[in-house]
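Chemist: These are the residues of each chain, in order.
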Amino acid sequence: MIIIKIILTTSDNNDLNAKVDKQFGRAPFFALLETDNLEISFLDNSAANASSGAGVMAAQQVVDEDPAAVIAGNFGPKAFSVLKAAGIKMYSYSGDTVRDAVKLYQDDSLKELLDPTNGAHAGLK
Amino acid sequence: MKITVLSGKGGTGKTTIATNLALSLSNVQLLDADVEEPDSYLFIKPDFADEYQAVNRYVPQIDHDKCDSCRKCVDFCQYNALAIILEKVMVFPEICHSCGGCKIVCPRDAISEEKREIGNIKWDHSDRELDFWQGELNIGEETAVPVIEELKGFMDEEKDVIIDAQPGTTCPTVEAALDSDYCILVTEPTPFGLNDLQMAVDMLKELKKPYGVIINRSEEDYDYLIEDYCRQEGIEILLKIPYDRQIAELYSEGIPFVQELPEWKEEFSKIYQHIKGVVK
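If you read the sequences in order, they're chains A and B. Per numbering that gives the first Met the number 0, residue 0 is the first one in the first sequence, and the count goes up by one each step. Per numbering that gives the first Met the number 0, residue 0 is the first one in the second sequence, and the count goes up by one each step.
There may be inaccurate statements among the hints.
Said to hold, decoys possible - Below 30 Å or equal to it, Euclidean Cα-Cα: the simulated DSS-like pairs (lysine-lysine) are:
hint: 1; chain 1: B; residue 1: K264; chain 2: B; residue 2: K151
hint: 2; chain 1: A; residue 1: K110; chain 2: B; residue 2: K275
hint: 3; chain 1: B; residue 1: K87; chain 2: A; residue 2: K88
hint: 4; chain 1: B; residue 1: K87; chain 2: A; residue 2: K83
These aren't lab readings, by the way, just hints derived from the structure by calculation.
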């Protein structure tokens, strides 16, 4: 079986039950997941508290991990263009856990995003 | 004398104060430095004619033949305006602050600077008493400060200058307040008004500017929210503008209330005289 690595933005770093975060650029964590054996590890999103350009910085961090796809609640316009340029597929998932999101991904039930879901600065609280 | 009108929070009546104050004085220059959403013009109704000056900024342009994707520029940029994708540097000009650092750190001389228009300055000085200038940031641009800097470059030293700043306590507001002799903080008697006033006061303490407060939409039963705070902090309340139907109606029609209620002109001139005394 081919190992596919995907990344999900998460609000916590608790195994497969981690919650998928609503935002991309300012999500606290990235979950790195291998879809064949569901092996999961977490990275801190170094852009979470960036004063500017969080979407670009987070996308850079994701691109450097070279995943096949990224799943997050929403993607802003700059993150979208970076990930798109890198040829990484993006999926929006507004449900709950990594486990649920991955199941939908494997069933091919998540819709690939062709446009950003958010305007700029949507992740600033 | 230069007076900046600011508020920690949007919608408190900053523009109302700035425009009515300006219209109550003579030989005055009004600068609308709320460049993301300039709205003083709604009350001043200027004739901008064809007067227009672009505000330009320089952003990096990458020569992909020279670039070897070393990543030094991406790592250097504190604003995350650059990313490296498939060994190619991408530039996000809206985020760039034009510091030029990427160009300096590039070991292969692959970065040059490209001119980019981010906003403009418009003016109408057909009126002798009120010389009106407005800065405008183009839609989608993220850095307002260069437009405000450029706008301030047109300040007339012969006149009293009133600057309508952007609400909040971020860089554009600081930039607007930076060269002023005095700051007027506009607030409203609500918990939100108080909270954001406190933030604005903290900012002005850092800037070491003298300042006073104007309570807009003042209501006897609620003013204590602001009054108690100002008493504790030893901040002067310059004026209260009542929560009044006629003032609200004039506002909604784009009429500065000093035009219809000339007694307020006197109130504003008094404040001005008072501020003059404080500054000297």
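Chemist: Does each hint fit the structure? Answer for all of them.
Modeler: Here's how the hints hold up against the structure:
1. B:K264 <-> B:K151: Holds, at roughly 26 Å.
2. A:K110 <-> B:K275: violated (64 Å)
3. B:K87 <-> A:K88: Within the cut-off at roughly 19 Å; holds.
4. B:K87 <-> A:K83: holds (13 Å)
In summary, the structure is inconsistent with hint 2 from the numbered list given earlier, while agreeing with all the others.
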